[in-house]
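Enquirer: Please model the entire structure based on the sequences and the hints provided.
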Amino acid sequence: MELVPMRDGFILAAALFALGLIGVLVRRNVIFILMSIEVMLNAAGLAFVVAGARWGQPDGQVVFLFILSMAAAEVSVGLALVLELHRQYKSLDTDAISRMKG
Amino acid sequence: MLELLWLVPAIPFAGTLVLAVLGARMSHKSVTTVGVGSVAASAIISIFIAAEFLSAPPPGGMYTQTLWTWIDVGSFRPQIAFYLDALSLVMMLVVTFVSFLIHLYSAEFMRTDEGYSRFFAYMNLFVACMVTLLLADNLLLLYLGWEGVGLCSYLLIGFWYQDPVNGLAGRKAFIVTRVGDTAMAIGLFLLFHSLGTLRIQDLLHAAQVQWSTGSAYAVAAAALLLGGAVGKSAQLPLQTWLPDAMAGPTPTSALIHAATMVTAGVYLIARTHVLFELAPPVQLAVAAIGAATLLMAGFSALVQNDIKRVLAYSTVSQIGYMFLALGVGAWGAAIFHFMTHAFFKALLFLAAGIIIEALHHEHNIFRMGGLRKELPVAFWTFLIAGCSLAGLPLITAGYYSKDLILWSAGSSAAGSIGLWAAGIAGVVLTSLYTFRLIFLVFLGPVRTPVTRRPGLAMTIPVCVLALLSIVGSFDKAPFARFIATALPTLPEAVGGITETLSSIVAALAFLCGLLGAWFVYQRNPALATAMVENPAGRLLHRFWFSDWGMDWLYHRLFVRPVLWVARVNKADLVDSIYDGLASLVTLCYRVLSLTETGKLRWYAAWIAGGAVAFVAIVMFL
Numbered sequence: 001m002e003l004v005p006m007r008d009g010f011i012l013a014a015a016l017f018a019l020g021l022i023g024v025l026v027r028r029n030v031i032f033i034l035m036s037i038e039v040m041l042n043a044a045g046l047a048f049v050v051a052g053a054r055w056g057q058p059d060g061q062v063v064f065l066f067i068l069s070m071a072a073a074e075v076s077v078g079l080a081l082v083l084e085l086h087r088q089y090k091s092l093d094t095d096a097i098s099r100m101k102g
Numbered sequence: 001m002l003e004l005l006w007l008v009p010a011i012p013f014a015g016t017l018v019l020a021v022l023g024a025r026m027s028h029k030s031v032t033t034v035g036v037g038s039v040a041a042s043a044i045i046s047i048f049i050a051a052e053f054l055s056a057p058p059p060g061g062m063y064t065q066t067l068w069t070w071i072d073v074g075s076f077r078p079q080i081a082f083y084l085d086a087l088s089l090v091m092m093l094v095v096t097f098v099s100f101l102i103h104l105y106s107a108e109f110m111r112t113d114e115g116y117s118r119f120f121a122y123m124n125l126f127v128a129c130m131v132t133l134l135l136a137d138n139l140l141l142l143y144l145g146w147e148g149v150g151l152c153s154y155l156l157i158g159f160w161y162q163d164p165v166n167g168l169a170g171r172k173a174f175i176v177t178r179v180g181d182t183a184m185a186i187g188l189f190l191l192f193h194s195l196g197t198l199r200i201q202d203l204l205h206a207a208q209v210q211w212s213t214g215s216a217y218a219v220a221a222a223a224l225l226l227g228g229a230v231g232k233s234a235q236l237p238l239q240t241w242l243p244d245a246m247a248g249p250t251p252t253s254a255l256i257h258a259a260t261m262v263t264a265g266v267y268l269i270a271r272t273h274v275l276f277e278l279a280p281p282v283q284l285a286v287a288a289i290g291a292a293t294l295l296m297a298g299f300s301a302l303v304q305n306d307i308k309r310v311l312a313y314s315t316v317s318q319i320g321y322m323f324l325a326l327g328v329g330a331w332g333a334a335i336f337h338f339m340t341h342a343f344f345k346a347l348l349f350l351a352a353g354i355i356i357e358a359l360h361h362e363h364n365i366f367r368m369g370g371l372r373k374e375l376p377v378a379f380w381t382f383l384i385a386g387c388s389l390a391g392l393p394l395i396t397a398g399y400y401s402k403d404l405i406l407w408s409a410g411s412s413a414a415g416s417i418g419l420w421a422a423g424i425a426g427v428v429l430t431s432l433y434t435f436r437l438i439f440l441v442f443l444g445p446v447r448t449p450v451t452r453r454p455g456l457a458m459t460i461p462v463c464v465l466a467l468l469s470i471v472g473s474f475d476k477a478p479f480a481r482f483i484a485t486a487l488p489t490l491p492e493a494v495g496g497i498t499e500t501l502s503s504i505v506a507a508l509a510f511l512c513g514l515l516g517a518w519f520v521y522q523r524n525p526a527l528a529t530a531m532v533e534n535p536a537g538r539l540l541h542r543f544w545f546s547d548w549g550m551d552w553l554y555h556r557l558f559v560r561p562v563l564w565v566a567r568v569n570k571a572d573l574v575d576s577i578y579d580g581l582a583s584l585v586t587l588c589y590r591v592l593s594l595t596e597t598g599k600l601r602w603y604a605a606w607i608a609g610g611a612v613a614f615v616a617i618v619m620f621l
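Those sequence lines, one after another, are chains A and B.
Residues 1 to 102 in the working numbering are what the first sequence lists, from first letter to last.
Residues 1 to 621 in the working numbering are what the second sequence lists, from first letter to last.
A couple of the hints might just be wrong.
To be verified - Pair by pair, the computed Cβ-Cβ distance ranges are: (1) V591/B <-> A96/A: 41 to 49 angstroms; (2) G56/A <-> C588/B: 40 to 48 angstroms; (3) S91/A <-> A613/B: 29 to 37 angstroms.
Stated by the list, open to error - To list a few chain A residues with every Cβ distance to chain B over 12 angstroms, as calculated: (4) R7; (5) I22; (6) L41; (7) G52; (8) G56; (9) M70; (10) E74; (11) V77; (12) E84; (13) K90; (14) T94; (15) D95; (16) A96; (17) R99.
Hints listed in this document are in silico derivations from the structure and should not be mistaken for laboratory results.
All of these numbers come straight from a predicted model, not from anything done at the bench.
Here a beta-carbon is modelled for each residue, glycine too, at the ideal position from N, C-alpha and C.
Expert: In structure tokens, the structure reads:
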């Protein structure tokens, strides 16, 4: 099986990461922010997998499993917070939730 | 009898306490009893003490009474002790007796004043402080009395405190004399530092032993004490407070600002005469200050139109004579003139008080006139005192004392023909302004109707003082001998002006002033107006009226710069450094807290930006 060249893999990972980051910065809805974070996490995972494949090591895939489980935990806590936010503010707009303003 | 000495200051002080604590609840009559009675008791005791002192002089011509040790710190052990010798006896006698007469007068003069008991509380306190000053055995106790009389002076000048002008005059007097008192306090520090004691007699003895004539220490100490004396006695350059001090009630002006307190400077110099003898330049300065002051104040007195201000300038001028006497070493003559001056100047003020009250608080002499028939008592006593002040030859006390000063100024080793001439010129001026006053106030047409005539309590004191103004010094030889037991006499005349010549010239000077005043104010009253009307005359009049522009000068020189500094520093220059630091920190806090928007995406952008910046730094640096 022909290996995907490492440079292309990293470019894809970087593009995904940038998309995720832009999503976090421009989206107002908390749900979409969480989804963008998922994209960023997967971009990081992809980078690990590509690097692991390049060196013929399983470590990249091991770390990806870690990232998956961490992402699952994050989403469960995150969604619980989203529910609570919606109950308190009747809104999921992060700009409206700014009680911590200095 | 001598052991009753402590009662002389203690009784008036007790009177103050009683009046201060209970005064508001006491009846008018009992206030009078306490206020006048305490000073009367003090005067009677003084007279008894004087009688015993003269009939059976204590050994050494002095008597010391130690009450208790005031402070006991190492070698610094000032005591509450009184020292009585010829000098302090004469001063005490004059002060208590004149005080008694003026208190008696005040009982009637102030009868309708709502601050009646307050007035007597202050006056009694003044007598207590003044006697303490005179009898003090050490300079610290003297300084206590010195400041005490200053306080009373301030309280009494501003007695009618509802008028802010009076309060201002009180503050001015207090602040200006404080300048001199500060110098005096430094002088006391210097004396204690270098001689190790403040007991006057020990100190004078130690100074004689340790210091040579003209040594720097002696000159500095004498100059600093002179500073105190100049402030208290209203001499050049600190004389500006006394004319304004006339804002106080007239008995106050008579007692404090004419007869007693203002001569404390003369007493101080006479008391510490040894220091001044050790410092010839300072002693020369005393004479020069006296001569300059007596002339300046004489000219100022010529053009005033407030009766009390004329008398105030006259007081400054007469104390100038005393300083002149001290400066040429005629210590006895200075004390002699103090005594006669206390009589006739107190009398002038009391008579002026009768006039002021009779004319419904009119002070302007140009609105008085023709009072000879209306107020005969005031006229005759004022005339007697005026003649004594101007020095009517042969029959008045003032003539003898001033004559002695003039002759000493002309003939003693320290004197000179210039000082003598200044004194003679002063006699012309004195006579001129005195008779100007008498002609304007008592002769001519009636300008303001008389509304009240003095009662017995005001008449008796002025009559007694009138008697003293004439006979006060008929026999000066025993007085001179007595005072010589405490103060060195002038060495034999070293030539210069003879006594007869000096007396004749002084008499002529008196006549000159009298005729001049008569010519200008009686013969052709238009002349006085014409003199003031022409431009040069008007300028001179304004110049003298404002006391040679001294107030203006001091206002420019001291008051305005201080006010300027105060205005500039109103925002606290030093504080603004710290305030600036605080506001810089506040500014930073404001800017930083702007970043705390509470917006999640904003924070995320910062985190991303920060991460990019870090990576860039790591990669490119």
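Enquirer: All the hints need checking, so say for each whether the structure fits it.
Expert: Verification of the hints:
no.	hint	in the structure
1	V591/B <-> A96/A: 41 to 49 angstroms	violated, 25 angstroms
2	G56/A <-> C588/B: 40 to 48 angstroms	violated, 54 angstroms
3	S91/A <-> A613/B: 29 to 37 angstroms	holds, 33 angstroms
4	R7	holds, 18 angstroms
5	I22	violated, 10 angstroms
6	L41	holds, 15 angstroms
7	G52	holds, 23 angstroms
8	G56	holds, 28 angstroms
9	M70	holds, 18 angstroms
10	E74	holds, 15 angstroms
11	V77	holds, 16 angstroms
12	E84	holds, 15 angstroms
13	K90	holds, 17 angstroms
14	T94	violated, 4 angstroms
15	D95	violated, 5 angstroms
16	A96	violated, 9 angstroms
17	R99	violated, 6 angstroms
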